[in-house]
Each structure stands twice: as structure tokens, then as C-alpha cells.
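Chemist: Below, each chain spelled out in residue letters.
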Amino acid sequence: MIQFSDVLAWIHQLLSSCMAPWLVFLIELVVASVAAVVALLVCVIIMVYMERKVAGHMQLRHGPNRVGWHGVCQLFADIIKLLLKECFTPTRADKLLFVVAPVLSLCVSLLALAPISWGPGLVLWNTNIGVLFVTAISSMGVIGILMAGWSSNNKYALMGAMRSGAQIVSYELSAGLSIVAIVALAGTLNTGGIIESQANGWWILKGHLPAFFAFIIYIIASTAECNRAPFDLAEAESELTAGYHTEYSGMQFGIFYLNEYINMGVVSMVASTLFLGGWQPFYLPFDFGWAHAFNDIMALKFMETWPAWISWVSLAWPLVWFFGKLFLIIFFMMWFRWTFPRLRIDQLLKLEWKYLLPLSIVNLVIIALIVVLGLHF
Amino acid sequence: MKALYNYLKEVAFAFVSLANGLLLTLKYFVTPWKSIITENYPDNRANPSVADEFAGEVILIHDENNEHKCTACTLCQLACPNNSIQIISKQVETEDGKKKKVLDKWVYHLEMCTFCKQCIDACPQDAIKMTNSYELSCFDRSTLTKILNQPGSKLKEKPKVTAKVQE
Ligand code: SF4
Ligand code: SF4
Chain A
1 MIQFSDVLAW IHQLLSSCMA PWLVFLIELV VASVAAVVAL LVCVIIMVYM ERKVAGHMQL
61 RHGPNRVGWH GVCQLFADII KLLLKECFTP TRADKLLFVV APVLSLCVSL LALAPISWGP
121 GLVLWNTNIG VLFVTAISSM GVIGILMAGW SSNNKYALMG AMRSGAQIVS YELSAGLSIV
181 AIVALAGTLN TGGIIESQAN GWWILKGHLP AFFAFIIYII ASTAECNRAP FDLAEAESEL
241 TAGYHTEYSG MQFGIFYLNE YINMGVVSMV ASTLFLGGWQ PFYLPFDFGW AHAFNDIMAL
301 KFMETWPAWI SWVSLAWPLV WFFGKLFLII FFMMWFRWTF PRLRIDQLLK LEWKYLLPLS
361 IVNLVIIALI VVLGLHF
Chain B
1 MKALYNYLKE VAFAFVSLAN GLLLTLKYFV TPWKSIITEN YPDNRANPSV ADEFAGEVIL
61 IHDENNEHKC TACTLCQLAC PNNSIQIISK QVETEDGKKK KVLDKWVYHL EMCTFCKQCI
121 DACPQDAIKM TNSYELSCFD RSTLTKILNQ PGSKLKEKPK VTAKVQE
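Protein chains in written order, with the working numbering: chain A, 1 to 377; chain B, 1 to 167.
Honestly, the hints are just simulated from the structure, not real lab data.
The structure displayed is predicted, hence computed values, not measured ones.
Only true hints are included.
Residues from chain A shown here face chain B by an in silico Cβ test under 7 Å; the list is partial:
#: 1; residue: H57
#: 2; residue: M58
#: 3; residue: L60
#: 4; residue: R61
#: 5; residue: H62
#: 6; residue: T339
Glycine residues also receive a C-beta, built at the ideal position from the N, C-alpha and C atoms.
Model the full assembly from the supplied sequences, consistent with the hints where possible.
Modeler: Below is the structure:
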């Protein structure tokens, strides 16, 4: 079976044979990051279209269905519209911060991509602090939001930014605790290592109920962290217009919009890495003959005897699982958005501080017990 | 202990009710052919279903003899918050020599109407009503100012009150 690491090593050799090492490093750096960003942008394009269709169907309407086949070109029409619009800066706004804010929040969300493992051996930055890096970076997103709200010279934008900030900072805690739960189970912070540790079953199955609770808490907290409904207080139409990006227009607004979806993508990549085995296919954590047979089928073991070109096809198998899980979790977040009514700010903070945080602390203690006593599979 | 039990019960109930909501929207999502209620308006011009209560434009009711019931009392004009009604009346002399005010022009400015139905409520004669037409857009703004009384129409005379026949 060909692995991604073989393909990458082959490319590396090919480049090394005709170039200086520093040039090879530079080219690989640029190509890898461009590839990751392009992959993410394609995901975002699919997400935006998917969100509109999901929203439409859940609200008993069609969603976009005019531009292109079933409205698939709607997003491109929107991008053209946003690009053609003028970007205003309010008078007496802090011009520098105003312009920097969207770019900064975009950079922050893209940085969080670095240690994520997309497939076996497909990782931009294979570091042993991967998960820590993602949590640290994603809590930086609040800087961009506060900056945007502050620099807009607008009360509503400032209030929206404060509310989003309060929300992101408080939900960061539960999200962090549920991440810690899985890190304790897996015993490593390296995303590749966490995924490898699920080669005999996903943590959501192997960690018994507490892992499942941690998954639910993580999904709730990360939905809130992405400022998505039912936690999209910043967007409350009646009193805050659009929260911290009230004053943004044209592509500056577009970047915030893009940022929301990239954040969603990153959050669901982390969720799938931690709880659903990343690019690992579905494995059963049991020690029976039939479970082994099932696992072998899932790992495409039967393809080994097939002709060589098929193993090129099987290269896509981990990616199918990775993106499948990504979109499954994103579907869940969209499903929440179009089902639940928006929370008030006091309900929102109560949910976090009275329910999610105590429950996740108790959950973490139970997980610690499971790890210490070795009760997991 | 009781407090902890209540706390956990609250959390569990919350999840059950959230799951109920999720199941409903999931049902809508997976059965779009049943649940989508959008009117495909420009595609389906022939028979879109418009509710009878839908308030489109105001019309003055005329019967088959080209008679309407408007007495030009201007109550609808007073009731309209947008000044989209102008009642223009004229004085005529009846056969028995009395002067009488009758309707000359019932002017309706559709472009200013918010379809609030207050004029309908104000009219003591039930002379006007709102249709459920919805294709009201046009290219020329001036066509939106309409004279609602048809040419040659006149006031419908109330049936004379006749003395009841004693039995
Ligand atoms: S519906 Fe309302 S706005 Fe329109 S004419 Fe009647 S009173 Fe005026
Ligand atoms: S339509 Fe009704 S309210 Fe308006 S002037 Fe005629 S009788 Fe009066």
C-alpha cells in the first residue's frame, strides 16, 4: 500500500536532486501551505453552499436555486458582489486597527491549521505540542474581534465585540477541558499521535460514556466559540445589527464571513482528530474474530493483493474519512443553528458557568480515573 | 443530594427537549419534497396559492349595473396614514331640486399604500375592499396612481324604506 509519507518523500527526493536544500525547504513550505489553504477554501465553498441549502430545507424553503444548477454558483456570484463593493472606513475610526483586524483574525484561524494531520503523514508541522498550539491560537481569535469592535468608532460594534469576547473567553474553558480529557486518554499532544492511538477504535467509543460527554461538551463549546447560533449574540439583528463587524463592508466583511467558516472547519477538524479518529476509518475496539475481520475490511486490507494501481486509489481512503467527519460535524453545527432559538447573554453565561464547566470538570475527573485505572480499551 | 438530583434532572430534560427540536428539523431536512412550502412564483404563474386574506390593492366595488356604494364621505381618506387616498367630490342637483355631494374621482396612490387595511375598516358603506392580487410592480410610477371609480358609474341608491304592509 502506498502511503502519503512515501509520496511526500518521493517529491522531496526529486526536488533535492536538482536544487539547493534551502530552496527545497522554501518551495515545500510554500506549496504545502498553499495546498492546505486551497483545500480549506474548497471546504469553505462547500460549507457556505451547504449552509444555505440546509437552512433552506430546515426552514421549509428551497435555499438558493437560481444561479447555476440548484444554485451552486450562488457563492461565486456573492464573492463577485463583495469584491465589487467599496470598503468604507468610518470617520474618526482607528484606521490602522480597522484595516488590520479582519486580516489578523484570518491569520489566526489559518495558523491553527498548521499542526493538524490531514492524512497519514500529511501534516504541515509535525510537532509534539500540536493540540496545545491549536487551543492557544484559536483563543487568539478574540483579539481580532475586540480590535474590530474597538476601532470601528461605533457603540454597537464595541458592545458586540465585548459580548463576543466574553462568550469566546468563557467557552474556551469547557472546550479546553474536553480537549484535555482526550489528551489524557491518548497520552500525547501530537495530532498524528492521537490519531494513531485510535487505530483500534475511536476515543468516543473507547473512552466509554465520559468521552461521549466530552464530545458533546466540546461541540457545544466550540459552536459558541465560533460565534454561531444559538450563541450568535453578536448578530442579534434588532439591537446590535451585526456585532463587531457592523461597520465593515465589501471584502473586509467578506473576510470576517470567511473567517467564521474557516473557524468552523478548524474546530471540526480538531473534534474529528480528538474524538472520531481523524483520518482513521471506523474501527471496532473489541477483541473478537468478527471485529478483527470488520477492522481489516475498513483498513482495506483485502486490496493488498490487488493490482498496484489500486493502491493509488486507496490513497484517497483516509481523506474520504477525514473530510466525511469534517462535514458531519459541520452539518451538526448547521443543524443546531437552524433549530435552536438564540440565547440571551445571561442564559449564555449561565449555560457555560453553571452547567458546562462543572460538568466538564467532573467529566475530566472521571476520565482521569479511567486513565489511571486503565479501564479504557 | 436533592439539589444535585434536580440539577442533573434539569440537564437531562434540557437535552431531551433539544433533541425533540432537532428531530423535527431533521425530518424537514430529509423530506424536502413534503415539507418545502415555497411558492415557486415566477415558474408557477398559472395557479399559485394566494390566501384570500392576502391584502393586495384597494378596489372600489362595482355591481353589474356599474353602481358603487361610495357616498364620498372621505372617512377612508382621513383614516389612511399615508395619504394614499384622495376623494374628489362634486355637487349635483337632484330632480327634486336638492343639492347633493357625489363622488367624482376616487384617487388611489398605490405607490404610497402600505396595505394596512385601515381604509377598509373605516368605510361605513363597505364600498371598498382589498383584492389578493400580488403582481403590482410596474416600470412607470405614474401608472400606480389609479382612479378607482369606473367611468359612468354612479351611487347605488338605497332601497326606499316602504311602510310595512299591515296584516
Ligand atoms: S390600505 Fe392603508 S395605506 Fe393603503 S389606502 Fe388603505 S388606509 Fe391607506
Ligand atoms: S369609500 Fe367609504 S369611507 Fe371612503 S369616501 Fe367612500 S363611503 Fe366614505
